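Just so you know, the sequences run in chain order L and V. Note that my numbering numbers the first sequence so that position 281 is 764, with each residue one more than the last. Note that my numbering numbers the second sequence so that position 357 is 359, with each residue one more than the last.
Simulated from the structure, these hints should not be mistaken for lab results. Mixed in with the good hints there might be a few duds.
[As the list claims (entries may be wrong)] Here are the simulated DSSO-like pairs of lysine-lysine, each with C-alpha atoms no more than 27 angstroms apart in a straight line:
| no. | chain 1 | residue 1 | chain 2 | residue 2 |
| --- | --- | --- | --- | --- |
| 1 | L | Lys-632 | V | Lys-128 |
| 2 | V | Lys-128 | V | Lys-157 |
| 3 | L | Lys-498 | L | Lys-626 |
| 4 | L | Lys-626 | L | Lys-603 |
| 5 | L | Lys-632 | V | Lys-111 |
| 6 | V | Lys-128 | V | Lys-264 |
Predicted, not measured: the structure shown is a model, and the values here were computed from it.
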Amino acid sequence: MSGNKQDHMRGLDLKRGRVEMSHGAGGRAMAQLIAGMFTAAFDNSYLATGNDGALLPRADGRLVMSCDSHVVSPLFFAGGDIGCLSVHGTINDVAMMGAKPLYLSASFILEEGFPLADLKRIVESMAGAARAAGVPIVTGDTKVVEQGKGDGVFITTTGVGVARDGVSLSGDLARPGDAILLSGPIGDHGMAVLSQRENLTFDAPIMSDTAALHGLVETMLDSGVKLRVLRDPTRGGLAATLNEVATQSGVGMMLQESAIPVNRPVEAACEFLGLDPLYVANEGKLIAICEPRDAQRLLYVMRAHPLARDAAVIGEVREDAHGFVQMVTRLGGRRIVDWLAGEQLPRIC
Amino acid sequence: MKYVDEFRDGSLARNIAANIAREATAATGYRLMEFCGGHTHAISRYGIADLLPPSVRMVHGPGCPVCVLPIGRVDQAVCLAREHGVILCTYADTMRVPCSDNLTLMRAKADGADVRMVYSTQDALKIARDNPGRQVVFFAIGFETTTPPTAVAVKQAGSEGVNNFSILCNHVLTPSAMHAILAAEAGVALDGFVGPAHVSTVIGSEPYEPFADDYGKPVVIAGFEPLDVMQAILMLVRQINDGRAQVENEFTRAVTREGNSKAQALVAECFTLRDSFEWRGLGTVPHSALKLRSEFAEFDAELRFGVDYVAVPDHKACECAAILRGEKLPQECRIFGTACTPATPVGSCMVSSEGACAAHYSYGRFREAAG
Numbered sequence: 484m485s486g487n488k489q490d491h492m493r494g495l496d497l498k499r500g501r502v503e504m505s506h507g508a509g510g511r512a513m514a515q516l517i518a519g520m521f522t523a524a525f526d527n528s529y530l531a532t533g534n535d536g537a538l539l540p541r542a543d544g545r546l547v548m549s550c551d552s553h554v555v556s557p558l559f560f561a562g563g564d565i566g567c568l569s570v571h572g573t574i575n576d577v578a579m580m581g582a583k584p585l586y587l588s589a590s591f592i593l594e595e596g597f598p599l600a601d602l603k604r605i606v607e608s609m610a611g612a613a614r615a616a617g618v619p620i621v622t623g624d625t626k627v628v629e630q631g632k633g634d635g636v637f638i639t640t641t642g643v644g645v646a647r648d649g650v651s652l653s654g655d656l657a658r659p660g661d662a663i664l665l666s667g668p669i670g671d672h673g674m675a676v677l678s679q680r681e682n683l684t685f686d687a688p689i690m691s692d693t694a695a696l697h698g699l700v701e702t703m704l705d706s707g708v709k710l711r712v713l714r715d716p717t718r719g720g721l722a723a724t725l726n727e728v729a730t731q732s733g734v735g736m737m738l739q740e741s742a743i744p745v746n747r748p749v750e751a752a753c754e755f756l757g758l759d760p761l762y763v764a765n766e767g768k769l770i771a772i773c774e775p776r777d778a779q780r781l782l783y784v785m786r787a788h789p790l791a792r793d794a795a796v797i798g799e800v801r802e803d804a805h806g807f808v809q810m811v812t813r814l815g816g817r818r819i820v821d822w823l824a825g826e827q828l829p830r831i832c
Numbered sequence: 003m004k005y006v007d008e009f010r011d012g013s014l015a016r017n018i019a020a021n022i023a024r025e026a027t028a029a030t031g032y033r034l035m036e037f038c039g040g041h042t043h044a045i046s047r048y049g050i051a052d053l054l055p056p057s058v059r060m061v062h063g064p065g066c067p068v069c070v071l072p073i074g075r076v077d078q079a080v081c082l083a084r085e086h087g088v089i090l091c092t093y094a095d096t097m098r099v100p101c102s103d104n105l106t107l108m109r110a111k112a113d114g115a116d117v118r119m120v121y122s123t124q125d126a127l128k129i130a131r132d133n134p135g136r137q138v139v140f141f142a143i144g145f146e147t148t149t150p151p152t153a154v155a156v157k158q159a160g161s162e163g164v165n166n167f168s169i170l171c172n173h174v175l176t177p178s179a180m181h182a183i184l185a186a187e188a189g190v191a192l193d194g195f196v197g198p199a200h201v202s203t204v205i206g207s208e209p210y211e212p213f214a215d216d217y218g219k220p221v222v223i224a225g226f227e228p229l230d231v232m233q234a235i236l237m238l239v240r241q242i243n244d245g246r247a248q249v250e251n252e253f254t255r256a257v258t259r260e261g262n263s264k265a266q267a268l269v270a271e272c273f274t275l276r277d278s279f280e281w282r283g284l285g286t287v288p289h290s291a292l293k294l295r296s297e298f299a300e301f302d303a304e305l306r307f308g309v310d311y312v313a314v315p316d317h318k319a320c321e322c323a324a325i326l327r328g329e330k331l332p333q334e335c336r337i338f339g340t341a342c343t344p345a346t347p348v349g350s351c352m353v354s355s356e357g358a359c360a361a362h363y364s365y366g367r368f369r370e371a372a373g
């Protein structure tokens, strides 16, 4: 009816506005949030269709799929925020399977009252990370929970990729004698978040290492080295990741403490809080396990990549019926590097 | 990192190890108790046992604050959180100590109790200031190291009128525990002590002199870094070889004979001796723990809420008591590594990384596997 006025809605107040229950209720407010916030920032043809799902072109090869939920607190930390973290985390999980990540989905659980300005910062950070990685966010979802029932914003991302032909990576392929490589210093992400949470400041601030690793993985696969295992040591740190691989493969490991790089501010912060960097989360590091004869070539290739300049061979896989991950300490003694029991809690005195 | 790397240097460690191996000649061997959980942790974490000759045997002592806390004390904390509805603030490790009814503070929290982990007494005090309508109790545990900060918080609460703050006082005394170990008939045979590090910064080295003079046991106070521990072991071997029993101080960079007189004065102002206190492992030990003085009684959670201590026996299969007295090794307990692991601790020694069982399980259990 041409005489009717077009429905009028006030625009999103991105300066002072807050998430309201209506933003998740399926009505106009939600449509406005999706259009004004998400579709605008993520900006790709799949999202622009406005359909319930993304119709993707035929993929050539074996598909890899992975998902990751992000609940970090604080939401903004030195070196990153929950937005870019949620993009990097899932891209890395797909890449660790030896696959090229192609598409992402993003699902938001927002808490009523969350500032739209903060949401915009987060969404723009995600968009920037996705654009830089060349992996579009092609579909998504938004829900709103009442105040007090969420922690600002939770983000779940899912990634789909295609595995390279002839490449088979799996945590159960480590064999006695294999070399264990680490792409760089550990503990940066966890200590960046924790020191912000605990209000610890250092002369050289600790920056999260959050980064998309699929480019590094591509370089490593291009080198022709036969990789057996790739993993990113996120939650639970290097220790948890190596224990997972040891269990999956039914092997033990012997690490050299002196070979494991740790940045000095991270070392100092861990010392302060009674934490062990081996158990602290990383968001831009990987471990690689390969045949021993390939180790030096792989190390050379990794070090040539900007995200793995400080890569190192940190130990070897051993036969061990108990599946112990052990370490020769800097002092020359031996210890187990065990699974973490519960959370890593600070010591008392 | 400066002031840390120097004390973890591998080549210096090998030098000290060579000296220990050369000088440790006593046919009977050297049974040395490291009193502190901090030392137990360092020994396991750095693999120091691999650098010692077979004649030198380290015996783990009771100096781990959460380990010596008996079940009944944790029950009191759980009762305050669940039945009195207080905000119960605690140091982290204490959250996981099993107590009655298959509970821990962590499970009580999951069940709805308001239990909060704090890094310091100041955090607890801040929570009290921020929640004037709630009662806030700080679960004050630990040896002489953690007592002065508790005293500071109590005094601040008094002067600021933070009347919703109180403490559940479980501060214990190191020399009393050492007496209990040495005085026990049929107790563990020991040739010397690696003396406490942080505790000694507060109390000084003087309180250990009776152990050398009256019991004839050498004591070497040592820092918590691995080279500190190794140097102290060498100094003990030398005392034993010479037939000496003295208090020596390896940790001179932090410990004096007199200790920290300011901290001591604060503690004396706020606390007085309990007639007796039940320790896990050592039983009831007279004059071995502190309570608030009558001037500060209003901040005593036991009085404020009328929660009395009720002794509760340990789990039947748990050997924590004998392990805390140095009489048994963790791996000699039949539930070690089976029913009792750091993920599912039955006894307190499996909880804290300073506990003998957790330290051995987490860092050293490959030794039995190899043997």
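message: Which constraints among the numbered hints does this structure fail? Numbers only, ascending.
response: Violated hints: none; all satisfied.
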